[in-house]
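**Q** Sequence:
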Amino acid sequence: MVKLETQRLIFRELESNDDENLFELLDSDPDVHKFLEIAVVNIDQCRDAIKSIRNQYKMNGTGRMAVLIKETKEFIGWAGLKLEHNVNGHEQYYDIGYRFIKRYWGNGYATEATQFFINYGFNVLKIDKICAFTDKDNIASRKVLEKSGLKFIEMFDDNGNEEAWYEIVNTQSMVLNKILNTK
1 MVKLETQRLI FRELESNDDE NLFELLDSDP DVHKFLEIAV VNIDQCRDAI KSIRNQYKMN
61 GTGRMAVLIK ETKEFIGWAG LKLEHNVNGH EQYYDIGYRF IKRYWGNGYA TEATQFFINY
121 GFNVLKIDKI CAFTDKDNIA SRKVLEKSGL KFIEMFDDNG NEEAWYEIVN TQSMVLNKIL
181 NTK
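For the record, in the sequence shown the residue sitting at position 85 is 85 according to this note's numbering, with numbers rising by one throughout.
Quick caveat, the hints were computed from the structure, so don't treat them as lab data.
Yeah, the Cβ is synthetic: ideal placement off N, Cα and C, and Gly gets one too.
Take the hints with a grain of salt, since some may be wrong.
Derived Cβ-Cβ restraints for the label pairs, each shown as a range [what the hints assert, rightly or not]:
#, residue 1, residue 2, range
1, I69, I43, 32 to 42 Å
2, E71, N161, 35 to 45 Å
3, V41, N119, 20 to 30 Å
4, I43, M155, 29 to 39 Å
5, D48, D137, 21 to 31 Å
6, E5, L83, 29 to 39 Å
7, E162, E71, 16 to 26 Å
8, N159, I139, 36 to 46 Å
Listed next, the in silico DSS-like pairs over lysine-lysine satisfying Cα-Cα at most 25 Å (straight line) [claimed, not checked]:
#, residue 1, residue 2
9, K3, K136
10, K151, K51
11, K3, K82
12, K126, K34
13, K102, K129
14, K70, K151
15, K3, K147
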C-alpha cells in the first residue's frame with residue numbers, strides 16, 4: 001500500500017465527520033470561494049459533497065482527499081485527483097485540485113499536495129495526462145499549477161467565466177506508447 005503522505009502532509013479519504021471542518025473552517029470563508037462558481041452556504045452541501053466524493057473513491061479509485069498537517073494531524077483542506085467529465089471539450093479526464101483553509105495559504109501546501117498527486121497519478125494510477133483549470137485571475141492557483149509542472153494550454157469559457165486550462169503529460173507513458181506503436 002502506498003503511503004499517502006509527504007514530508008509535511010498526510011492525505012486520507014474524506015469521511016462523514018469531516019463535514020464541520022469542511023464547512024466551518026473552509027467553505028464558509030468567502031475568500032476561499034472568491035474564484036469559484038458556486039459558493040457553499042450550508043453544511044448540508046458539504047455533507048452531500050462528502051457523499052459524492054466517497055462514491056468517487058468506489059467508482060473511480062480516486063477522489064479528493066483530506067489534507068492534514070503530519071505533525072499535528074490538523075485538517076487544513078483537501079486536495080487530489082478527480083475523474084471529471086465534459087469540461088473544455090474533454091469528455092473525460094483526471095483533474096487535479098485543492099482547497100485550503102485561508103490561514104494555511106502561502107506555506108507551499110498546495111504545491112506540495114499537487115506535486116504529490118501528480119506523482120501518485122502517474123506512478124501508481126498510471127494516468128497518461130492530468131489536467132486542471134482555474135479562474136484566469138486566480139494568480140496564486142495558476143502559480144501552484146505551473147510550479148507543479150503543469151503547462152498553460154489555453155483560455156476557455158466555462159459558463160461565462162474565463163478559465164485557464166493546464167495539462168501535464170506522463171512522459172513515461174509517452175515513451176511506452178511510442179515503443180508500442182512502432183512495433
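**Q** List in ascending order the numbers of the hints, as given earlier, that are violated by the structure.
**A** Checked against the structure, the hints that fail are numbers 1, 3, 6, 7, 8, 9, 10, 12, 13 and 14, while the rest are satisfied.
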